[in-house]
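J.: Sequence:
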Amino acid sequence: MKIIALVILFVTTIIGCHSPKVNTIHLKGQMADMGTQEVIMEYTGVTGDFGTSLNRIIKTDASGYLDTTFVLEQPMYFNISRNILYLSPGDDLEVYLTPDTRQATFKGKGSEAQLFLKDRLYPKGGSFLLSGRNVRENFEKTKEVVDALAASKLAQLDTLKGVTELFKENERIRVKANLLNSYLTYALYNKENTGASREEQRQWYGRFITSVIPDVNQLMREITKNEYLDIIDVRDVIVYNLDQAEFMQGVEITPEMREIKDALQVLAKLDSSTDPEVILSMEEKTKSFQHVGIVSELQEKIRNVKSLMTGQPAHEIIMTDVDGNEVLLSSFKGKNIYLDCWATWCGPCIQESPAFAALSEKYKDKDIVFIQLSTDNSRKTWLSYLKQKESVVPQFNSVDNEGLRVNWQIKYIPRFILIDKEFNIVESFAPRPSDPEITEHLDALLAK
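If you count the sequence shown from 1, position 15 lands on 15 in full-length UniProt numbering, and the numbers rise without skipping.
Hints are not guaranteed to be accurate.
Said to hold, decoys possible - Think about it this way: if two alpha-carbon atoms lie no more than 27 angstroms apart in a straight line, the pair counts; the simulated BS3-like pairs of lysine-lysine are:
#	residue 1	residue 2
1	Lys362	Lys335
2	Lys225	Lys168
3	Lys364	Lys387
4	Lys261	Lys285
5	Lys306	Lys335
Read the hints as simulated data drawn from the structure, not as lab findings.
All chains, full assembly: derive it from the sequences and hints.
T.: Below you can see the structure in the form of structure tokens.
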């Protein structure tokens, strides 16, 4: 009997050692053209709007190949570049991901959910309107198109195998949120106002809003629930329209929803200012919030923003030049620095570039260096863009997540930074080069 017991114990131990843990995620495969060997997997639930503590860093080799495991206690949504993932404890996935979601492939346990999410919609592009491509001659015709697309997506979801009922419920609500967003953003893309005067447009918009209220209100009633707030498309459309009384008739607006909106306003202030009075005011406002995750993330945000105040040591950034050589931002210590953080896909950034170049020429004999720092993930895209234009200022590229996003808190671009010769911060949010005030700021820095 002892021998049998020992055999059973041995077999059980062996099986236990080779069985995947139920709360472990296994990802392997390749992430191509991500621009870095440390790829950020961004958590997209509520707290993901306010900080990075629930993000994961996926490390790859030089060719983008990965094989990693990590613990996940409950299903969660993440973004990798523009790819949306729904990961559940126990998933074992082989993936191929690029910034182009159409090229993504998934195999293994959990792949059904990822394949369904592959055709993701973008609320800023009008969701089912596809940035205007599905807009017809009037709203009635457009509504027929987007309603049919939403119905098709819901039908696909109903027959989907290998996913949980929780996933199906979440995605049904996401589809409805995107349908609602399609209705509300139609006014931005409509073809009915071509050539109309401003007054005629205003009158049309009033009639349009009145006409969509019943459909909008019905969808709002269905999606406006606390249990759906971790779905980013749902959260965005609710928070953005929270104070639109005509859309929210009969809809229960919970304290949690109101707090998210208030907290986002605090975040917006912290994303654009290092004024001590502003920081103190936002710190006090944060103390009134009840959501533990939001409070924790905002407190960390405040600590980071304080490190960007005037006089604080400038944060390091690891950069590469056009020849692939690694350069540290601190290597320019001894000169004043005017730093332009931009990207090839950023329209406003490109518009500022001529003014930046003109300033560099104006101050070329002064003790200041003008640096343009691309934040493009794809070095190839950056170099291709530079070949199309002649640059009069030093050009660098950086995918240094810790330096850019964590330390310098670069969330929006273009972003301009002034640093003095001692490598201390002068302005973390300096004026744009097209702003007439910039010359006063540069002259003051040089006279320091």
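J.: All hints, please: hold or fail.
T.: Now for the hints, and whether the structure bears them out:
no., hint, in the structure
1, Lys362 with Lys335, "16 angstroms, holds"
2, Lys225 with Lys168, "16 angstroms, holds"
3, Lys364 with Lys387, "23 angstroms, holds"
4, Lys261 with Lys285, "13 angstroms, holds"
5, Lys306 with Lys335, "24 angstroms, holds"
Consistency note: the structure conflicts with none of the earlier hints.
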